[in-house]
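*Asks:* As a plain string of letters, each chain reads:
There are 2 protein chains.
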Amino acid sequence: MTPTPETELTPEQLSKARLRLWLKLLRASGRIEDEVRRRLRSDLDWTLPRFDVMSVLARQPEGMKMNEISKKLRVSNGNITGIVDKLTEEGLTLRVPVPGDRRAHKVCLTPKGEDVFAEHAAIHEGWINGILGGLNSDDIEGMIRRLDQLDLTLDEGR
Amino acid sequence: MTPTPETELTPEQLSKARLRLWLKLLRASGRIEDEVRRRLRSDLDWTLPRFDVMSVLARQPEGMKMNEISKKLRVSNGNITGIVDKLTEEGLTLRVPVPGDRRAHKVCLTPKGEDVFAEHAAIHEGWINGILGGLNSDDIEGMIRRLDQLDLTLDEGR
Numbered sequence: 000m001t002p003t004p005e006t007e008l009t010p011e012q013l014s015k016a017r018l019r020l021w022l023k024l025l026r027a028s029g030r031i032e033d034e035v036r037r038r039l040r041s042d043l044d045w046t047l048p049r050f051d052v053m054s055v056l057a058r059q060p061e062g063m064k065m066n067e068i069s070k071k072l073r074v075s076n077g078n079i080t081g082i083v084d085k086l087t088e089e090g091l092t093l094r095v096p097v098p099g100d101r102r103a104h105k106v107c108l109t110p111k112g113e114d115v116f117a118e119h120a121a122i123h124e125g126w127i128n129g130i131l132g133g134l135n136s137d138d139i140e141g142m143i144r145r146l147d148q149l150d151l152t153l154d155e156g157r
Numbered sequence: 000m001t002p003t004p005e006t007e008l009t010p011e012q013l014s015k016a017r018l019r020l021w022l023k024l025l026r027a028s029g030r031i032e033d034e035v036r037r038r039l040r041s042d043l044d045w046t047l048p049r050f051d052v053m054s055v056l057a058r059q060p061e062g063m064k065m066n067e068i069s070k071k072l073r074v075s076n077g078n079i080t081g082i083v084d085k086l087t088e089e090g091l092t093l094r095v096p097v098p099g100d101r102r103a104h105k106v107c108l109t110p111k112g113e114d115v116f117a118e119h120a121a122i123h124e125g126w127i128n129g130i131l132g133g134l135n136s137d138d139i140e141g142m143i144r145r146l147d148q149l150d151l152t153l154d155e156g157r
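Residue numbers (numbering that gives the first Met the number 0), protein chains in the order written: chain F, 0 to 157; chain L, 0 to 157.
In isolation and in its complexed conformation, chain F is listed as follows (with noise of 0.2 Å):
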């Protein structure tokens, strides 16, 4: 089995593809988002943000500070302070002081919250399936891979 060759592009070709493929991916990535954005809003009655915040707390049974938070979902501090001061007068985020420092606490999911967010998130893994159902295991493994190697990219880029 002779491997398949190579496309021949000149650098300018690439780069221009590489352009063109930057765009697809910020494209369909804004176009997931506020698909998923919309379906919180009429199925759930629910925000992104908010969302987001429990889909990071879910993931950090021992609780995160303000700032882990901001920093991961890549929003400010005062947006975060307040998504978290509304989760908790729900009772679905709970505040904890952190032995050893009186100023600082760290927030995680109550267990009324990891039930609610549970729901959520197979509501979410469900709308997900539907969006990516185009798309084949090996569709999603190639990209899988090319995403990671995106990644590693950025990584050495720092």
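Just to be clear, a hint being listed does not mean it is correct.
The list treats identical chains as interchangeable, and a pair is accepted whether it falls inside one copy or across any two copies.
With a cut-off of at most 20 Å between alpha-carbon atoms, the simulated PhoX-like pairs for lysine-lysine come out as follows [claimed, not checked]: (1) K23 - K111; (2) K111 - K85; (3) K71 - K23; (4) K71 - K105; (5) K70 - K23; (6) K105 - K15; (7) K105 - K70; (8) K64 - K105; (9) K85 - K105; (10) K85 - K23; (11) K85 - K64; (12) K70 - K111; (13) K111 - K15.
Bear in mind the hints are in silico, worked out from the structure with no lab data behind them.
Just so it is clear, the structure is predicted and the values come from calculations on it, not from any experiment.
Guided by the hints, dock chain L onto chain F, whose structure is given.
*Replies:* Chain L alone, transformed into the frame defined by chain F:
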């Protein structure tokens, strides 16, 4: 040449794989966007929203209405107005009346705006070419094909 058999995944595994792909897609586009934002700021003393508005206008020489720019960039009308006001002050964009509609106007780049944008766009393409440098033409072609498929699914969902 026998076709590669598709990896066998259960529907549950496939759903999890699509979710993982979505999270990686979101992460990659967020990281690239952050990197572009950072370089615009440090290398060109420019902002991403200003770059985005000029980029949209550069592709529409006949001009665009405010709400068209806003829709295209998924940014509120108020934000776009602020950016266009500032660009107009700097002589980079221009408001032109719409014939037959006294209250409407379109925005387009001035010749100076076109020059500035052409310079920025070339530098931006170089950044993207570097950030996506780990992807060869086959990778790019493969990803573009799948992103187009994704776009189609999103169109059908409307």
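*Asks:* Have a look at K70 and K23 and pick one of within, between, both or neither, based on CA distance no larger than 20 Å.
*Replies:* between (26 Å within a copy, 17 Å between copies)
*Asks:* Under a CA distance limit of 20 Å, which applies to K23 and K111: within one copy, between copies, both, or neither?
*Replies:* Classified as neither: same-chain Cα gap 39 Å, cross-chain 28 Å, threshold 20 Å.
*Asks:* If the cutoff is 20 Å on CA atoms, where do K85 and K105 land: within, between, both or neither? Let me know, please.
*Replies:* Within one copy, since 16 Å is at most 20 Å while 41 Å is not.
*Asks:* Are the CA atoms of K71 and K105 at most 20 Å apart within a copy, between copies, both, or neither?
*Replies:* Close inside one copy (14 Å), not across copies (39 Å); limit 20 Å.
*Asks:* As a check of your reading, is K64 near K105 (CA-CA no more than 20 Å) within one copy, between copies, both or neither?
*Replies:* within (4 Å within a copy, 46 Å between copies)
*Asks:* Using 20 Å as the alpha carbon limit, work out where K111 and K85 are close: within a copy, between copies, both or neither.
*Replies:* within (14 Å within a copy, 48 Å between copies)
*Asks:* Have a look at K71 and K23 and pick one of within, between, both or neither, based on CA distance no larger than 20 Å.
*Replies:* between (24 Å within a copy, 14 Å between copies)
*Asks:* Within a copy, between copies, both or neither: which one fits K70 and K111 at a CA-CA cutoff of 20 Å?
*Replies:* Neither. Shortest intra-copy (25 Å) and inter-copy (38 Å) distances fail the 20 Å Cα cut-off.
*Asks:* When no copy is named, should K105 and K70 be tagged within, between, both, or neither for a Cα gap of at most 20 Å?
*Replies:* This pair counts as within: shortest intra-copy Cα distance 14 Å, inter-copy 38 Å.
*Asks:* How do K85 and K23 come out at 20 Å by Cα distance, when the copy is not named: within, between, both, or neither?
*Replies:* Intra 36 Å, inter 29 Å, cutoff 20 Å: neither.
*Asks:* If the cutoff is 20 Å on CA atoms, where do K105 and K15 land: within, between, both or neither? Let me know, please.
*Replies:* The answer is neither: 46 Å in one copy and 29 Å across copies each exceed 20 Å.
*Asks:* With identical chains, the pair K85 and K64 could be close in the same copy or across copies; at 20 Å between alpha carbons, which is it: within, between, both, or neither?
*Replies:* Within. Shortest intra-copy distance 16 Å satisfies the 20 Å Cα cut-off; inter-copy 37 Å does not.
Comparing the model with each numbered hint stated earlier shows that hints 1, 6, 10, 12 and 13 do not hold.
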